Amino acid sequence: MKKIKILFILFFFFILSLNLFLQEQEKKEEPVPDETNEVEIDTSQNERAPVVKYIIDARLFPEKSLLEGTEILTWVNKSPVPVDNLRFHLYYNAFSSPDTTFFREGELYKKTEKELRELKFGGIEITRIRLIGGDELTGNIQFVSPDDGNAADKTVMQVNLKKTAAPLQRISLEIRFELKIPDLIPRSRTGKAGTYFFMGQWFPKIGVLRQDGQWHCHQYHRLSEFFADYGDYKVSITVPKKFVVGASGNLIKSEKTGSGGVTYFYEETNIHDFAWTAYPRFKKILEKVTLAGNPRETTIELLLSPRHGGAKQRYIKSLKFALDFYAKHIFPYPYKKITVVDPPLKGMMSGGMEYPTLITLGHIGFLPESLKFPEQVTIHEFSHQYWYGIVGSDEFREAWLDEGVTTFFEMEILDEYFKNSPSFLDSNLVKIDYWEFVRLRLLSLLPVDKPGQYSWAFLNSSQYDNNVYAKAGLLLRSLKNHIGKNKIYDFFKFYAEKYKFKHPTTEDFIETFNEFMDEDFTWAFEQFIKSETGLDHSVYSVKAAVVPSRPGMFRSEAVFLRKEGYFPVELAIQLENGKRITSFWKKQEKWKRFVTINASPVDYAVIDPEFKVVLDKNFLDNSKVRRPGRSGIKKLAFKFGSFFQSLLGFLIF
Amino acid sequence: MEMINTIKTFISSVNMNNIRAALYAWLFNFFFSLIAYYGFYRVFSSAAGDSLLAGEAGSRYGVFNFLIDTFYNYKGSLPLIFSLLFLLTLLFALVSVFLAGGIYSVLIEERKAGFSNLLYASAESFFSMVKLLLVNILNWAIALIIPVFSMVLFWQPGILKVNETVVPVFFFAWVTVSAVILIFSTAIYDFSRISRLQEDKNFLYAFKKGIIFTFTNKLNVLLLFLLYGAVLLILFLVYSAVSGLLTNAADTIFIFILFQIFMFLRYYLKIVLMHAEVKIAEDRFEEE
Ligand SMILES: [Zn+2]
Numbered sequence: 117m118k119k120i121k122i123l124f125i126l127f128f129f130f131i132l133s134l135n136l137f138l139q140e141q142e143k144k145e146e147p148v149p150d151e152t153n154e155v156e157i158d159t160s161q162n163e164r165a166p167v168v169k170y171i172i173d174a175r176l177f178p179e180k181s182l183l184e185g186t187e188i189l190t191w192v193n194k195s196p197v198p199v200d201n202l203r204f205h206l207y208y209n210a211f212s213s214p215d216t217t218f219f220r221e222g223e224l225y226k227k228t229e230k231e232l233r234e235l236k237f238g239g240i241e242i243t244r245i246r247l248i249g250g251d252e253l254t255g256n257i258q259f260v261s262p263d264d265g266n267a268a269d270k271t272v273m274q275v276n277l278k279k280t281a282a283p284l285q286r287i288s289l290e291i292r293f294e295l296k297i298p299d300l301i302p303r304s305r306t307g308k309a310g311t312y313f314f315m316g317q318w319f320p321k322i323g324v325l326r327q328d329g330q331w332h333c334h335q336y337h338r339l340s341e342f343f344a345d346y347g348d349y350k351v352s353i354t355v356p357k358k359f360v361v362g363a364s365g366n367l368i369k370s371e372k373t374g375s376g377g378v379t380y381f382y383e384e385t386n387i388h389d390f391a392w393t394a395y396p397r398f399k400k401i402l403e404k405v406t407l408a409g410n411p412r413e414t415t416i417e418l419l420l421s422p423r424h425g426g427a428k429q430r431y432i433k434s435l436k437f438a439l440d441f442y443a444k445h446i447f448p449y450p451y452k453k454i455t456v457v458d459p460p461l462k463g464m465m466s467g468g469m470e471y472p473t474l475i476t477l478g479h480i481g482f483l484p485e486s487l488k489f490p491e492q493v494t495i496h497e498f499s500h501q502y503w504y505g506i507v508g509s510d511e512f513r514e515a516w517l518d519e520g521v522t523t524f525f526e527m528e529i530l531d532e533y534f535k536n537s538p539s540f541l542d543s544n545l546v547k548i549d550y551w552e553f554v555r556l557r558l559l560s561l562l563p564v565d566k567p568g569q570y571s572w573a574f575l576n577s578s579q580y581d582n583n584v585y586a587k588a589g590l591l592l593r594s595l596k597n598h599i600g601k602n603k604i605y606d607f608f609k610f611y612a613e614k615y616k617f618k619h620p621t622t623e624d625f626i627e628t629f630n631e632f633m634d635e636d637f638t639w640a641f642e643q644f645i646k647s648e649t650g651l652d653h654s655v656y657s658v659k660a661a662v663v664p665s666r667p668g669m670f671r672s673e674a675v676f677l678r679k680e681g682y683f684p685v686e687l688a689i690q691l692e693n694g695k696r697i698t699s700f701w702k703k704q705e706k707w708k709r710f711v712t713i714n715a716s717p718v719d720y721a722v723i724d725p726e727f728k729v730v731l732d733k734n735f736l737d738n739s740k741v742r743r744p745g746r747s748g749i750k751k752l753a754f755k756f757g758s759f760f761q762s763l764l765g766f767l768i769f
Numbered sequence: 003m004e005m006i007n008t009i010k011t012f013i014s015s016v017n018m019n020n021i022r023a024a025l026y027a028w029l030f031n032f033f034f035s036l037i038a039y040y041g042f043y044r045v046f047s048s049a050a051g052d053s054l055l056a057g058e059a060g061s062r063y064g065v066f067n068f069l070i071d072t073f074y075n076y077k078g079s080l081p082l083i084f085s086l087l088f089l090l091t092l093l094f095a096l097v098s099v100f101l102a103g104g105i106y107s108v109l110i111e112e113r114k115a116g117f118s119n120l121l122y123a124s125a126e127s128f129f130s131m132v133k134l135l136l137v138n139i140l141n142w143a144i145a146l147i148i149p150v151f152s153m154v155l156f157w158q159p160g161i162l163k164v165n166e167t168v169v170p171v172f173f174f175a176w177v178t179v180s181a182v183i184l185i186f187s188t189a190i191y192d193f194s195r196i197s198r199l200q201e202d203k204n205f206l207y208a209f210k211k212g213i214i215f216t217f218t219n220k221l222n223v224l225l226l227f228l229l230y231g232a233v234l235l236i237l238f239l240v241y242s243a244v245s246g247l248l249t250n251a252a253d254t255i256f257i258f259i260l261f262q263i264f265m266f267l268r269y270y271l272k273i274v275l276m277h278a279e280v281k282i283a284e285d286r287f288e289e290e
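Chains as they are written, first to last, in our numbering: chain W, 117 to 769; chain F, 3 to 290.
I should point out that these hints are in silico values taken from the structure, not numbers from a laboratory.
Since we're looking at a predicted model, the values are computed, not measured.
Computed cross-link-like contacts, SDA-like style, restricted to lysine to any residue with a CA-CA straight-line distance of at most 20 Å:
(1) K400/W <-> K452/W
(2) K755/W <-> F88/F
(3) K547/W <-> R62/F
(4) K679/W <-> S647/W
(5) K728/W <-> V65/F
Derived CB-CB ranges, DEER-like:
(6) R303/W <-> L82/F: 33 to 39 Å
(7) P170/F <-> L402/W: 25 to 31 Å
(8) V244/F <-> K659/W: 41 to 47 Å
(9) L247/F <-> I599/W: 38 to 44 Å
(10) T415/W <-> L247/F: 47 to 53 Å
(11) V150/F <-> S560/W: 28 to 34 Å
(12) E686/W <-> I21/F: 56 to 62 Å
(13) L29/F <-> R303/W: 53 to 59 Å
Positions of the beta carbon are idealized from the N, C-alpha and C atoms, including for glycine.
Chain W on its own, in the form it takes in the complex (with noise of 0.2 Å):
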């Protein structure tokens, strides 16, 4: 009894506080001071400046789950075509309402009309636009759905200029927005659950003005992820005492506001997005590591979720890793600060995702050593910092040049780290290295999407996940295998080089691939990257014969098909004396038949004995013995028999 006495006088006390908290906010609102309006172009200064810059101030109200922001936004028009009207992406509105794009794509959200009403919706509203010193904006708003003409999506607005913005002409806009904080659900990756706050896509993120005058600014779909021009931000969040926050960027300085709150304020160059995290029960551990060919040190800063205590090592280990991995083999990291975010369970559906230097992981506090996913996810979200951080490419369109990329790297760097164990699972009933288990992903592919195609365009996020992950690592992985691996790393290192804070497309991989290599492997990228081409190799058939007018010489013969598609190839003959006849089968052609006149028959005829094209998907067939033996599954029979006489056993009586 007396407990709750204490708890009601507690609770009185925080009512109190949080009422005091809110009218000190009230007060702090502050004009924004106008700056000149830049009608006169000076094109020499605006040709180098970024595209974007950002400077916004957040306010974050956790009771209420809203946020209240402003945002000076400073955009020059480097295309050499005036516009009369911008784009913004306003992500937020996604989950506005069941009948956005988000929702209508997902589905898992084919719910019932009682599960849809218990839903909380979230969204972002433009209280305000205008252009500093100049024109009140905020009656030319207007939503426009280029993806899919849905009325009911706001997540691209349209705000029309009342004069037209020159080439390389500066504009400097005032944007104040509310933001609804939704509940964090599958795929919306930003959100709240209880307490934990992840804002991604939270700020109007002006889209990219390509080069012939039209805007590149997709709605938000299910499936696909971002993309925007880099700038540099200055960003202040503004929450009360007890949050402990993370964010992109480095932290500048911190702020009392007199209210119980905090403002901290955090800034980063050369980034494209900017995300932050807020939570009371984060755990900070800062650790600070050198790497090869940076005289600077580069800070983790790792956000520990509360009994997440044996991930700790985990992540920094892996991550740790990694940021040598690429030192090596790329370059080093370029930014001061890497902040990894370890959600809470009940924060999950944000875990997983890459931002400007800030990823976000996941771990669940029963998870078995022999489960690989702490590793796993740390890797994979770290490559996203070059692939797809430091070279910017297109998550919308071309999602397979930075999840592909990643995914190949995630296998590579996995490889390495777990050298003499299993780097997916490793348990006494199966071990599975990481790029079996990407395997096992390319077999469940249908032949009804193309890892180049647009992300929201395919069939379901299965075929999503297994093409532009599975299919385009593993034929990385292939191309590696058949190159060698110092030639494919240096080729990424050539290619990280050259778009490092660009934006390079499919094209642009290709011809720096084929001209880094010398070599035309366009047939690679056509078949399995812009096409729904898979590969099957198989061998046909093996026969020897005595040669009846060469008493004691054998004629040998193999076929060997390519059932689908086309990858240079090894193929080998083992003779009976242990003499093997390797060929190198390039040309391209369905069907070869190797023929060989020797002292000894043929035992067996293998294509890829080295398992190197691993985009194959059967490699059964992809030998043929003579006079088999079948030791190999009888041992598996066996295996799985007593597996099954064993369950039997159980059913004693």
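Go by the hints and put chain F with the ligand onto chain W.
For chain F with the ligand alone, kept in the frame of chain W given last:
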């Protein structure tokens, strides 16, 4: 004192006669399992019988890759054998009722566990054993309520909303409670069958007797089963250690023989437990 007697009873049940009964049970188990061994061999042979991988299925290519290739490229083969094995399992459940009836009868009547005796006794007791099996569905249904409902309730509100520390604690508690419930429901089933065979009254009487007996002898029942479980665990550990030493593909036949010995010992142990149950029941049935 009583506890020591229980242990003594368990130990005294380790005898030659029970070896014959174990052999009888093992033979049926082995016969049913042959279909599984052969089925898996056929499936893997059809997928990769003349491949190089047939000789080294697990070693170089990896068991996981071998299985997923079989599953995706020879669709239907694995699901077919799994459904066959499912039917086989159901059938064997019935067979084990048949076997247990015979074994209990022979143990109760203290006859020689010869093959024909067992077979005859199994046939003779089969229908009454099936009736008891059906009545005991009630027993298992009740026994399942706590484990199933606690699991459903636990997962219902969404694991995501659950405190992360609670999860492992819950699982530990769940396993312990379920094991105790399993022991008691098995004991009820066992003692009701013993009563049916020993006292020759109707099956409802036997069921009631099984319940009453189990709960008036809670500690002894628990001790007996824990004893059985402990020996079984030791047996399993010894088997895993020994078979772990034989990793060569050529050792398959030795591992196979070793595994059959292990299975036989498991049955032997179970029959020792059954014999101990019979002896305890003989001592105490009249007391009540
Ligand atoms: Zn990714």
